[in-house]
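*Asks:* Sequence order for the protein chains is A and B. Residue 275 in our numbering sits at position 275 of the first sequence, with consecutive numbering throughout. Residue 420 in our numbering sits at position 106 of the second sequence, with consecutive numbering throughout.
Quick caveat, the hints were computed from the structure, so don't treat them as lab data. Small disclaimer: the values here were computed from a predicted structure and weren't measured. Check before you lean on any hint, since a few could be wrong.
To be verified - Quick partial rundown of chain A residues pointing at chain B, CB under 8 Å, derived from the structure:
id: 1; residue: E40
id: 2; residue: S41
id: 3; residue: M109
id: 4; residue: V179
id: 5; residue: L263
As the list claims (entries may be wrong) - No more than 30 Å apart at the CA atoms, straight line, and that leaves these computed lysine-lysine pairs for DSSO-like:
id: 6; chain 1: A; residue 1: K275; chain 2: B; residue 2: K457
id: 7; chain 1: B; residue 1: K538; chain 2: B; residue 2: K618
id: 8; chain 1: B; residue 1: K538; chain 2: B; residue 2: K619
id: 9; chain 1: B; residue 1: K570; chain 2: A; residue 2: K50
id: 10; chain 1: B; residue 1: K424; chain 2: B; residue 2: K393
id: 11; chain 1: B; residue 1: K570; chain 2: A; residue 2: K245
id: 12; chain 1: B; residue 1: K424; chain 2: B; residue 2: K457
id: 13; chain 1: A; residue 1: K312; chain 2: A; residue 2: K245
Even glycine gets a Cβ: it sits at the ideal position worked out from N, Cα and C.
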Amino acid sequence: MALNVTDLRVYYRTLRGEVKALDGVTFSVADGEIMGLAGESGSGKSTLAKSLIRLDGRMRHVGGTVELDGKTMPLSDDTGMDRFRFREVSLIPQYSMSALNPTRKIGKMVGELLESRGERPERAELERRLELVGLSKDVLDRYPIELSGGMKQRVVMVVSTLLNPSLLIADEITSALDVSSQKAVATTLLGFRDRGLVTSMMVVTHDISLVYQIADTIMVMYAGRLAEKAPADVLVTAPRHPYTKQLISALPEVGVRYEDRRLTGIPGNPPSLLKPPGGCRFRDRCPLAFEQCAEQPPFAEVAPGHFVACWKAE
Amino acid sequence: MLKLDSVSKVYRVGAFGGGELRAVSDVSFEVGEGEVVSLIGESGSGKSTLGRMILRLASVSSGTITLDGRDISSIRDRKEYYRQVQGVFQDPFSCYNPVFRADRVFEMIKEQYFPRLGAAEWRTRVETALESVRLDPGNVLGKYPHQLSGGQLQRMLIARAVLLDIRLLVADEIISMLDASTRIDVLNLLADLRARGLGILFVTHDLSLGNYVSDRTVVLRNGKIVEMGRTDLVFGAPAHPYTRSLLASVPRLHAKWTDEVVEDVPCAYHEAQEESRTRPGLAEVEDGHFVACSGCAGAAAEEKKIKEKA
Numbered sequence: 001m002a003l004n005v006t007d008l009r010v011y012y013r014t015l016r017g018e019v020k021a022l023d024g025v026t027f028s029v030a031d032g033e034i035m036g037l038a039g040e041s042g043s044g045k046s047t048l049a050k051s052l053i054r055l056d057g058r059m060r061h062v063g064g065t066v067e068l069d070g071k072t073m074p075l076s077d078d079t080g081m082d083r084f085r086f087r088e089v090s091l092i093p094q095y096s097m098s099a100l101n102p103t104r105k106i107g108k109m110v111g112e113l114l115e116s117r118g119e120r121p122e123r124a125e126l127e128r129r130l131e132l133v134g135l136s137k138d139v140l141d142r143y144p145i146e147l148s149g150g151m152k153q154r155v156v157m158v159v160s161t162l163l164n165p166s167l168l169i170a171d172e173i174t175s176a177l178d179v180s181s182q183k184a185v186a187t188t189l190l191g192f193r194d195r196g197l198v199t200s201m202m203v204v205t206h207d208i209s210l211v212y213q214i215a216d217t218i219m220v221m222y223a224g225r226l227a228e229k230a231p232a233d234v235l236v237t238a239p240r241h242p243y244t245k246q247l248i249s250a251l252p253e254v255g256v257r258y259e260d261r262r263l264t265g266i267p268g269n270p271p272s273l274l275k276p277p278g279g280c281r282f283r284d285r286c287p288l289a290f291e292q293c294a295e296q297p298p299f300a301e302v303a304p305g306h307f308v309a310c311w312k313a314e
Numbered sequence: 315m316l317k318l319d320s321v322s323k324v325y326r327v328g329a330f331g332g333g334e335l336r337a338v339s340d341v342s343f344e345v346g347e348g349e350v351v352s353l354i355g356e357s358g359s360g361k362s363t364l365g366r367m368i369l370r371l372a373s374v375s376s377g378t379i380t381l382d383g384r385d386i387s388s389i390r391d392r393k394e395y396y397r398q399v400q401g402v403f404q405d406p407f408s409c410y411n412p413v414f415r416a417d418r419v420f421e422m423i424k425e426q427y428f429p430r431l432g433a434a435e436w437r438t439r440v441e442t443a444l445e446s447v448r449l450d451p452g453n454v455l456g457k458y459p460h461q462l463s464g465g466q467l468q469r470m471l472i473a474r475a476v477l478l479d480i481r482l483l484v485a486d487e488i489i490s491m492l493d494a495s496t497r498i499d500v501l502n503l504l505a506d507l508r509a510r511g512l513g514i515l516f517v518t519h520d521l522s523l524g525n526y527v528s529d530r531t532v533v534l535r536n537g538k539i540v541e542m543g544r545t546d547l548v549f550g551a552p553a554h555p556y557t558r559s560l561l562a563s564v565p566r567l568h569a570k571w572t573d574e575v576v577e578d579v580p581c582a583y584h585e586a587q588e589e590s591r592t593r594p595g596l597a598e599v600e601d602g603h604f605v606a607c608s609g610c611a612g613a614a615a616e617e618k619k620i621k622e623k624a
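Isolated chain A, as found in the complex (with noise of 0.2 Å):
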């Protein structure tokens, strides 16, 4: 197994107190899995991907362990982290427009980043991987600012897998993206699995068409806690849990019409996770909710790879 979270708790500081972003979260990932993330927006899905690299000032690790290949991440050590940063876990951040520094040529700035961390830059393995995502090796020698959008996502794709990580975590790379440089940046992720520069993947959006194309398994999470994980087929052709089925009834399709179907959405809005609710945090929106639902649902395998955490998903 290449990743295995267990019980993973995150919280916010805030001044009205702690906002429970990530409570309780277990799962795996295994090698050569890509694994999509998919969830709306508060339901911590960021937060998840943000705590396997960095904790940030407001961010506080409650409880839980997080296993990469075996050896333990210390998520509250910020130095410790460094050896495995990376190395073991890199990030493909969501601006990568902001990512690179507009003061060098990349070239440049790929050499000083891994010359900070004791690797030899080699010029040859950098172009191989350039072209590899279809840039041409010019682009060594010019700055962020001659490059387009697209093009700047692709070079931090570049040097996110320099160093051949077991774990690539890509948060909302594609969303600020044209649907023609969407499917080619998706589809690199891919090659870069096949060609095994990384072992896994975990792919964070809330775009879940989208990660269907390139993922082995889905993940939702709501409201700070897992919902669903299984197969990319099972989950968008058979999924058990109330919240996937209504989320991906509301999604409009190429050929459906307004007046032939009408959707609907999931009327309500997510629990605070200021003082979340005890039981299932779905309860409040689900059409099934029962008296059992104000206990907490165990995340059950229900089929092979299935998971699902609801009391009515047998």
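Starting from the known structure of chain A, fit chain B onto it as the hints suggest.
*Replies:* Only chain B this time, still in chain A's reference frame:
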């Protein structure tokens, strides 16, 4: 109702404004009453510039935009125009001042447009408008922006536009910032408003959203119309290679991307009969389905012919 006639927008670019950038060139289309027209394009296609020109937030470089036959730039009283045409934009959070209650957006409409109306009557009007966008007035009135969700804030902005009894709504990427579960409610709302006779220009980059709600579709690329017509025709039988490749890269839920290269088809514009080229640069391949030249060799040959004649 609204008619655009070879509208262009040229921006001055470069250090001293020496260069020119044609953001929109020769765009003509109409929006009728009770009709949703979606304007689809990638970034830089000029779709937002068109929306801003219709809302008179940007000037028109050449061509005319008319509302019921009246050139909109000749309407002196802007308020009179904005009583009929209103816009809603992408980011609902930045449309509210966080210091004030969210319903201040309604008070501003009252001050500006209905200063003589009694408080009680105004309150009923606000409540009816909120109910028409399917919000519970008791739930949203008196709240601060941070207490409401993005979908609620966006629907309040639509309610604000509806208060004016408008005839045309320019909706510029109004769904992009919303979550999937609330997105569809706003889309259904647009469809309901259409049923009440409102014309809607729905600007989006997301093809599946445009397809769900619109009667007609205009596909833009680099400021030019590449294809337009009834939504079922444009999406069902796309004639331009650009529309085809856009459709092929849309992620779908029940079908994965294929590596199939979109096959080459003869340029629909040059295949069409001479007399079907009813609009400049566009050929009518089916009833009300227009397509531009795919950038084939035919265009260069024609130019040469014209030059030789000259």
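*Asks:* The structure should be examined with respect to each hint, and the outcome stated for every one.
*Replies:* Results for each hint:
| no. | hint | verdict |
| --- | --- | --- |
| 1 | E40 | 4 Å, holds |
| 2 | S41 | 6 Å, holds |
| 3 | M109 | 26 Å, violated |
| 4 | V179 | 5 Å, holds |
| 5 | L263 | 5 Å, holds |
| 6 | A:K275 x B:K457 | 20 Å, holds |
| 7 | B:K538 x B:K618 | 22 Å, holds |
| 8 | B:K538 x B:K619 | 24 Å, holds |
| 9 | B:K570 x A:K50 | 29 Å, holds |
| 10 | B:K424 x B:K393 | 13 Å, holds |
| 11 | B:K570 x A:K245 | 20 Å, holds |
| 12 | B:K424 x B:K457 | 19 Å, holds |
| 13 | A:K312 x A:K245 | 13 Å, holds |
The structure fails to meet hint 3 from the earlier list, while all remaining hints are met.
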